[in-house]
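J.: Sequence:
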Amino acid sequence: MRTITRSTKRARGRLVIAGASALSLALVGFGAATASAAPSSRTAFPGSVPAFVSSANDSGTPADTTEEGEIYLNLKDELGAQQLATAVSTPGNKSYGKYLSPQAWIKKYAPSRSDLAAVEKYLTDQGFTITDTPASREYVAFRGTPDLFGDAFGTELRNYKVAGTTVSAPSTAPSLPNSIASKVLGLDLGNSRVKLTQTYHSHPGQGAAGVKAATSKKLKGSAVDSSGEVKKASQSTTSTEQCSTYYGQYQATRPEAYGKTSFPTFICGYLPGQLRSAAGVNGLARAGVDGKGVTIGIVDAYDSPTALSDTNTYMKQTGTARLKYTDISYPASAFSDQAACQEPSGWQTEQTMDIQAAHSVAPGAKIVYSGGYNCGAGLDLALSKIVDHGLADLVSNSYGGTGENVPSDVVQGSLNIQIQAAGEGIGLYFSSGDDGDDSIDFGYPAANFYATSPFVTAVGGTTEYINARGKDTTVAGWGDILDQVVGGAYTASLPGDLYGGGGGGGISTLFAQPAYQKGVVPTSLSGIGTAAARVIPDVSDLADAYTGFQIAVSPITDDTTLATGPLEYQTWGGTSLASPLVAGKMALVQQASHRKIGFANPLLYQQAKSGAKGFNDVTNPSTTLAMAYTGITSGKTYLLTQNQGLSLQLTKGYDDFTGIGTLNVPQLSKGVATSGKGHKKPDPWFHGYGHGGPGKYFRHKH
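Take the sequence shown: its letters are residues -37 to -1, 1 to 665, numbered as in mature numbering (1 follows the signal peptide of the UniProt record, and there is no 0).
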């Protein structure tokens, strides 16, 4: 059981001000790595050493099994690729909407075939096995034993204790021969990203049938009682008390709180039709706007063998159109790191929720699912499959890490994929995280990468009360705190001391404020010292599992054979739900506006700045929001208090709890249809990591 940490202090010394050198930028942004001087014939890559590498966290040598690595290659014209991504995404720019085809982008910007061949030859000569390389040639994924890493990269892989798990990482700055290093942007060595990328994933908790009770280990950042009853909202929730199919259907008694003793019971799980009704898109559907002609990409790890059949069964039962579905996932024979990634069964519900959520709001859209062979390089390759071949208009990604303690090499390699997507007119949507401001994890507020990247749309979370008529009566920020009732009294002062999860948000310590946020994000939120920074989320949608979404899934019962059990109905949430919901709504906007939107942020913030009615501003309700909840296994009773953002607060206009707000699809469609007219030349909105102007990445001087 974890109690709430209410610290409001900020991390100090982690954002680099203008004029900082590339070296100091890397060291301050990620923590100085223990470095050993590389021989003059080799080039060191200090940006590949994670910030957690220290003697205090060291737990010995990895076992003699294979580890994963990734080498990121230099683009031919990195600055040009950034400038293209900016120009084609910015309304008012003469190049707005003039995207390159994947083939044209790869020809103009991708690393050369000869550079790729040289890197691959070096790896195979050293004894590594090449796992895969994307068509864009931006990186190489490979595997080998720990001793091979030492010989090839001049460093030792060691184990470190991080966030309750053991991960492997280079103990000192790795290096490469100069002839190879000149072709390389950065390195990712060891399994730290594999094991630390799961923070936002939904894992099966107690579903409608009470299967797979969650454990505290899987509920990082949440308070869990001895039976696993109090779940982060990315967990399914059930109760012995009668849940409500719509807000206010049933009431339950609790000790007096907030001036009353009767509280509505939590939601059983909204159905697809309720989501469409609350989103106000039924009128668009009657006019033929249902996402037709738009393709939504979904990226997760692994692949559920029953995703299509489960979805079509559920949609038929709820009066929703059949799913138009293409699966381009890696085959089960290629799956790796299953235990480290919490198994295919741990990702099955995530995949199912993502698909069914996006399809529920945009039933006419096609969905392309790309499952990675693991949750490390496999996710990069799964995303690159879509981007390299132009297989989707927008992509929902429900994964990321806790905070921004990511090696700068990994950040740079990830940004190149995102820059490519923007240049091709593919919008990327990332969940902002499920631990609120992350103070439950770190003791201070933090925002989460990948969501903090200025090239993706960060999707936060809301709590939504949908009434019997299918209308939103209340929308608030998602942040759940629970107080257990024992002997007719609360066990802690209200709102309680058990954290049930919340939408991620806050200020980046890596990225300067993109120009598109200026004039919308208040300086009170964007400033650390005198430097304005990126703030997330950008927009938000339903995420609270206690007002969550019901899915249908045939759970995997054997992670080796991928055998499944009978169909079950479970209720889930998290920003893992919010991201595909926003992607589905943006598919409707794209169809209705007859505009290929691409990377949406410059357009969304332009609409917000202009005062257009495309967003529903989420503000504090007039009364405290609370629901009754009783655990199915223990029978323990709780009062659930919602809209608790820790340091994140709702305000009028943009806030770091829900961003600009939720999407008003009909109004946003009208605004987008007339956007981008005229040909002014706006300021470049990407200013790098340290305010050094466009293209000033955390670069190492090779």
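Don't read these hints as lab results, they were simulated from the structure.
Check before you lean on any hint, since a few could be wrong.
In silico lysine to aspartate or glutamate, EDC-like type, Cα no more than 16 angstroms apart, as pairs [stated by the list, open to error]: (1) K124 to D404; (2) K39 to D78; (3) K599 to E204.
J.: Quick one, are K599 and E204 close enough, alpha carbons at most 16 angstroms?
T.: With Cα atoms ~10 angstroms apart, K599 and E204 stay inside 16 angstroms; holds.
J.: K39 and D78 were given as a pair; does the straight-line alpha-carbon distance stay at or below 16 angstroms?
T.: Holds: K39 and D78 sit about 10 angstroms apart, inside 16 angstroms.
J.: Between K124 and D404, is the straight-line Cα distance small enough, at 16 angstroms or below?
T.: 15 angstroms, holds
Of the numbered hints stated above, none is contradicted by the structure.
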